[in-house]
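Colleague: This is what each chain is made of:
There are 4 protein chains.
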Amino acid sequence: MSIRGFGVHTAMWAMEWNRAAAEFAILEAVKYDIDFLEITMLDPQAVDAAHTRAQLEASNVACVTSLGLPLDKLPTNDPQAALDFLKSALDVSSAMGARAMSGVLYGGIGQRTGERPTETEYDATARVVEKAAAYARARGMDFGLEAVNRYENHLINTADQAVRMCERVGAENIFVHLDTYHMNIEEKGLANGILRAREHLRYIHLSASDRGTPGMDTIQWDEVFGALAAIGFKGGMAMESFITVPSQIASALSVWRDVAPSREEVLTDGLGFLKMKARQYGLI
Amino acid sequence: MSIRGFGVHTAMWAMEWNRAAAEFAILEAVKYDIDFLEITMLDPQAVDAAHTRAQLEASNVACVTSLGLPLDKLPTNDPQAALDFLKSALDVSSAMGARAMSGVLYGGIGQRTGERPTETEYDATARVVEKAAAYARARGMDFGLEAVNRYENHLINTADQAVRMCERVGAENIFVHLDTYHMNIEEKGLANGILRAREHLRYIHLSASDRGTPGMDTIQWDEVFGALAAIGFKGGMAMESFITVPSQIASALSVWRDVAPSREEVLTDGLGFLKMKARQYGLI
Amino acid sequence: MSIRGFGVHTAMWAMEWNRAAAEFAILEAVKYDIDFLEITMLDPQAVDAAHTRAQLEASNVACVTSLGLPLDKLPTNDPQAALDFLKSALDVSSAMGARAMSGVLYGGIGQRTGERPTETEYDATARVVEKAAAYARARGMDFGLEAVNRYENHLINTADQAVRMCERVGAENIFVHLDTYHMNIEEKGLANGILRAREHLRYIHLSASDRGTPGMDTIQWDEVFGALAAIGFKGGMAMESFITVPSQIASALSVWRDVAPSREEVLTDGLGFLKMKARQYGLI
Amino acid sequence: MSIRGFGVHTAMWAMEWNRAAAEFAILEAVKYDIDFLEITMLDPQAVDAAHTRAQLEASNVACVTSLGLPLDKLPTNDPQAALDFLKSALDVSSAMGARAMSGVLYGGIGQRTGERPTETEYDATARVVEKAAAYARARGMDFGLEAVNRYENHLINTADQAVRMCERVGAENIFVHLDTYHMNIEEKGLANGILRAREHLRYIHLSASDRGTPGMDTIQWDEVFGALAAIGFKGGMAMESFITVPSQIASALSVWRDVAPSREEVLTDGLGFLKMKARQYGLI
Numbered sequence: 021m022s023i024r025g026f027g028v029h030t031a032m033w034a035m036e037w038n039r040a041a042a043e044f045a046i047l048e049a050v051k052y053d054i055d056f057l058e059i060t061m062l063d064p065q066a067v068d069a070a071h072t073r074a075q076l077e078a079s080n081v082a083c084v085t086s087l088g089l090p091l092d093k094l095p096t097n098d099p100q101a102a103l104d105f106l107k108s109a110l111d112v113s114s115a116m117g118a119r120a121m122s123g124v125l126y127g128g129i130g131q132r133t134g135e136r137p138t139e140t141e142y143d144a145t146a147r148v149v150e151k152a153a154a155y156a157r158a159r160g161m162d163f164g165l166e167a168v169n170r171y172e173n174h175l176i177n178t179a180d181q182a183v184r185m186c187e188r189v190g191a192e193n194i195f196v197h198l199d200t201y202h203m204n205i206e207e208k209g210l211a212n213g214i215l216r217a218r219e220h221l222r223y224i225h226l227s228a229s230d231r232g233t234p235g236m237d238t239i240q241w242d243e244v245f246g247a248l249a250a251i252g253f254k255g256g257m258a259m260e261s262f263i264t265v266p267s268q269i270a271s272a273l274s275v276w277r278d279v280a281p282s283r284e285e286v287l288t289d290g291l292g293f294l295k296m297k298a299r300q301y302g303l304i
Numbered sequence: 021m022s023i024r025g026f027g028v029h030t031a032m033w034a035m036e037w038n039r040a041a042a043e044f045a046i047l048e049a050v051k052y053d054i055d056f057l058e059i060t061m062l063d064p065q066a067v068d069a070a071h072t073r074a075q076l077e078a079s080n081v082a083c084v085t086s087l088g089l090p091l092d093k094l095p096t097n098d099p100q101a102a103l104d105f106l107k108s109a110l111d112v113s114s115a116m117g118a119r120a121m122s123g124v125l126y127g128g129i130g131q132r133t134g135e136r137p138t139e140t141e142y143d144a145t146a147r148v149v150e151k152a153a154a155y156a157r158a159r160g161m162d163f164g165l166e167a168v169n170r171y172e173n174h175l176i177n178t179a180d181q182a183v184r185m186c187e188r189v190g191a192e193n194i195f196v197h198l199d200t201y202h203m204n205i206e207e208k209g210l211a212n213g214i215l216r217a218r219e220h221l222r223y224i225h226l227s228a229s230d231r232g233t234p235g236m237d238t239i240q241w242d243e244v245f246g247a248l249a250a251i252g253f254k255g256g257m258a259m260e261s262f263i264t265v266p267s268q269i270a271s272a273l274s275v276w277r278d279v280a281p282s283r284e285e286v287l288t289d290g291l292g293f294l295k296m297k298a299r300q301y302g303l304i
Numbered sequence: 021m022s023i024r025g026f027g028v029h030t031a032m033w034a035m036e037w038n039r040a041a042a043e044f045a046i047l048e049a050v051k052y053d054i055d056f057l058e059i060t061m062l063d064p065q066a067v068d069a070a071h072t073r074a075q076l077e078a079s080n081v082a083c084v085t086s087l088g089l090p091l092d093k094l095p096t097n098d099p100q101a102a103l104d105f106l107k108s109a110l111d112v113s114s115a116m117g118a119r120a121m122s123g124v125l126y127g128g129i130g131q132r133t134g135e136r137p138t139e140t141e142y143d144a145t146a147r148v149v150e151k152a153a154a155y156a157r158a159r160g161m162d163f164g165l166e167a168v169n170r171y172e173n174h175l176i177n178t179a180d181q182a183v184r185m186c187e188r189v190g191a192e193n194i195f196v197h198l199d200t201y202h203m204n205i206e207e208k209g210l211a212n213g214i215l216r217a218r219e220h221l222r223y224i225h226l227s228a229s230d231r232g233t234p235g236m237d238t239i240q241w242d243e244v245f246g247a248l249a250a251i252g253f254k255g256g257m258a259m260e261s262f263i264t265v266p267s268q269i270a271s272a273l274s275v276w277r278d279v280a281p282s283r284e285e286v287l288t289d290g291l292g293f294l295k296m297k298a299r300q301y302g303l304i
Numbered sequence: 021m022s023i024r025g026f027g028v029h030t031a032m033w034a035m036e037w038n039r040a041a042a043e044f045a046i047l048e049a050v051k052y053d054i055d056f057l058e059i060t061m062l063d064p065q066a067v068d069a070a071h072t073r074a075q076l077e078a079s080n081v082a083c084v085t086s087l088g089l090p091l092d093k094l095p096t097n098d099p100q101a102a103l104d105f106l107k108s109a110l111d112v113s114s115a116m117g118a119r120a121m122s123g124v125l126y127g128g129i130g131q132r133t134g135e136r137p138t139e140t141e142y143d144a145t146a147r148v149v150e151k152a153a154a155y156a157r158a159r160g161m162d163f164g165l166e167a168v169n170r171y172e173n174h175l176i177n178t179a180d181q182a183v184r185m186c187e188r189v190g191a192e193n194i195f196v197h198l199d200t201y202h203m204n205i206e207e208k209g210l211a212n213g214i215l216r217a218r219e220h221l222r223y224i225h226l227s228a229s230d231r232g233t234p235g236m237d238t239i240q241w242d243e244v245f246g247a248l249a250a251i252g253f254k255g256g257m258a259m260e261s262f263i264t265v266p267s268q269i270a271s272a273l274s275v276w277r278d279v280a281p282s283r284e285e286v287l288t289d290g291l292g293f294l295k296m297k298a299r300q301y302g303l304i
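Residue numbers (my numbering), protein chains in the order written: chain A, 21 to 304; chain B, 21 to 304; chain C, 21 to 304; chain D, 21 to 304.
If you are wondering where the hints come from, they were derived from the structure by calculation, not from laboratory data. Be a bit skeptical, because a hint or two may be false.
Since the list gives no way to pick out one identical chain from another, each pair is judged satisfied if it fits inside one copy or across any two copies.
Under the rule of at most 20 Å between Cα atoms (straight-line distance), these lysine to any residue pairs were calculated in the SDA-like manner [unchecked claim]:
{"#": "1", "residue 1": "Lys254", "residue 2": "Gly160"}
{"#": "2", "residue 1": "Lys151", "residue 2": "Arg24"}
{"#": "3", "residue 1": "Lys51", "residue 2": "Ala144"}
{"#": "4", "residue 1": "Lys51", "residue 2": "Gly190"}
{"#": "5", "residue 1": "Lys107", "residue 2": "Ser79"}
{"#": "6", "residue 1": "Lys107", "residue 2": "Arg216"}
{"#": "7", "residue 1": "Lys51", "residue 2": "Thr288"}
As the structure is a computational prediction, the values presented were derived from the model and not from experiment.
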């Protein structure tokens, strides 16, 4: 049961996933004809999984969960704590009915040593990822690795690096998760990232180049959708925009100004644009 | 005497600007038909200005200097030290025969408080910029403010923010300096940044989206050159690629892998591509 | 009183402009929030101008008229007949309340000698255009020259050729009319056409590359809207799509298949996309 | 033995393929590192095949031949004459050592009835194509069908139509031949045409949107090369530019002005650009 269709990252409505946030977001998902929500978990333990699950099921909205590890609980500095954090988050995700957990599951947003990544770091990372992916698999969940830009992490910036980690771990339920915002900075051509990931690619963030409204930005969307069509992409397409970012998160994401004039613009113009392009290239 | 034509940032050859670096870079400038060098000064005091000037003049190559302030000498934390640093750098630049100094002259690469910028920060910044620009003017030099992306600084990320600082200071020799690498992340359409800066824009970094080889990246160069043509741009166009980055600088610039296979690719394919596009839009 | 805002070419609803067509199109113009209609006149004498005018005024919809000359009434083969045809069409246009008449007013769709255009042809053309423009001016109307692609006419294919004809005639009410469909074939960069026309450009057809749905095609719309913003464009933007083409017209326009699945797709997805881009670049 | 690598259409040097033209073109092919020539045959009987073959072999340059049928010898108006013409051209092509013959082999440039294509026309066309392809196969040659724009022919304008004709005939040596110039007018996204043709696509014309210099035009080359990479394209890539067009051909091709300032610009800037993009996407 993999994730499919069009989703939206919950940063659209709230960064803290409490009952009020869940109820608002799911209402909007129905309103805007969204197939699934990507629920980002800043603190998995604070989530009321049963409530979310009930709300999602009542509205027939699917979900994926996402996170980045705390910077003091990384495979490279505290592998056991990293694994424990991932397991715990997978338990919550599973309780919510998530089909997959994805994101910077291999490390943290802000994880940079100031040096190029080393084999020692990749080794430590692969060991934790392997165990966490097995734990996910036992729960019937997929486990995704999101390539993020050079400023957010120094281990996996490109599709190529994500594929290499997937192939190294070799688990069936591991997949590559790309994001147009990061690809726009890291790939030598947007199609190149998607083609490199190819069959490993099961999830993509459709994010504007400034994390505002897709279609009113610098991304070449024809290249993105053309390449997705080319590889027969069947995974989830999640629009992500950081328009609702509390200050404690703003720093990690480097959001210093409003990236769109309103949530409504992103959900009407942005999502409408993405669906039009998906139709143009036969993806929906 | 403003800067014009095609230049290349000296990161192409060396990040430390010593005699060997100067001789190598100037030789290459002649070989590749480059009008000017942008000499980046990690440590202005370490530069042998007389040697550089003699070499440049002998080869008929112009120069611009550039820098970012040390993070402990910012207008927002030590305005006097910031001003002193800028004055000293302007003295060196003037001794080299530079027509302009530009870059993150208003702050540092890595300057972020974790919060949105405040009016207090902009006030402090404007006071130092105003004095430094006056000091530059007395030496017949222009003084440029480069908008950089959200990860590198939180004060001036967009053309709009750069223009507002220019207009606030109001000095004739202050100008906006844009960079396609940063614009690709920050502007809602590449043309929008250039059109917002319009008559303030006197210098542009033509940088690939991954800081590798321009033309083999995700930038929509037709939009860039079309907009430059539209505003009647007459300033300097400097190709910037971080292919030679020692580890102490790699961290500030977040360079974790080789962004191009070779210097030669950037100087032949990349510069050749940029010049072709400049011809297409009547800029050269 | 020049034409402004967003319009739609009446080929969207009907190629023959009779009472039924007028009533349907004006109803749709109101429904889709369209500022003006471009009423194409296959046979100006068949138009019920008073009816159209009343309907337009009642709905507060403006209009522009357009046509191409019959191939046996061209400035190059029968200048008097060409001028008479234009005058008559201007009379009808004026009676409808049109602010401008535009299109291939200088010749016919299909006008090609098989040779490069000659000065003799341009001379003959300019003489008729000059007189017709004067006639339009006396009626308070503007007179537009549309550059069309090499297959449709051999005299004015590029913005440069249209500007040269405007400048040669030199009348204040003459303007350049560009069309993205034709520019996509003829210009060396979409911005180049718009920049060449600059102050002469008062009207533009926003047409998909296949004359179907704008935004689901090969046009680089960011270049178009960025360049329009750059020149401070204030004229009319008319979406044109040939989805309703009776067979006697299909041949002149070379429409051999349905270029869009439905009128509704063009009016919702296509027009919605164009308006989003216009907002992105500050044009509306 | 299929065609591979980079080629150039002989319109670059001469439209009439006589001994002088052959010697000049082959000299240039060596100079510009071109793998094969596409020799267009206006009059197959006028070609000195033995001379061309000897020259090509001596310089290690491969060849493909191309043509469009005379308008009085079409499958739809004189099927026997069409077949005879194709057979005769295949004999000449085989004598030149051509690995394939391609182009508007199914009809003529200018073949339009003024109506949408009918099944009767497609039937007549398929019958001739089937026989001609079999004749080619017996000579070890492939037989290509080039989709051209609506103005040049009304039967096969899109990749979809070309694929349907290939699948209808069903011969192994039949392939689809696309051309970026035509796709830019006919396809709903450049990638869509290439993806539709996919395994049938064995040859592509890399032509500028105005038939001038590729890279200084409106084509989105990243989409083209990204899609070629996506389908694992292994066929021939032929740059085509109509800079040398005698007046008797200009009419069929609608060339009314110089589409590039010089042959050298096309062969250096244009071919250099295409090869850079092919490297970027891993095609060479």
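Colleague: Give a verdict on every hint.
Modeller: Hints, verified against the model:
1. Proximity of Lys254 and Gly160 under a CA criterion of 20 Å is satisfied intra-copy only: 19 Å inside one chain copy versus 40 Å between copies.
2. For the homomeric pair Lys151 and Arg24, neither the shortest alpha-carbon distance inside one copy (26 Å) nor that between copies (46 Å) is at most 20 Å.
3. Taking the shortest alpha-carbon separations for Lys51 and Ala144, neither the intra-copy value of 44 Å nor the inter-copy value of 47 Å comes in at or below 20 Å.
4. In this assembly of identical chains, the alpha carbons of Lys51 and Gly190 never lie at most 20 Å apart, being 39 Å within a copy and 48 Å across copies at closest.
5. In this assembly of identical chains, the alpha carbons of Lys107 and Ser79 never lie at most 20 Å apart, being 27 Å within a copy and 64 Å across copies at closest.
6. For the homomeric pair Lys107 and Arg216, neither the shortest alpha-carbon distance inside one copy (29 Å) nor that between copies (44 Å) is at most 20 Å.
7. Proximity of Lys51 and Thr288 under a CA criterion of 20 Å is satisfied in both settings, with 11 Å inside one chain copy and 19 Å between copies.
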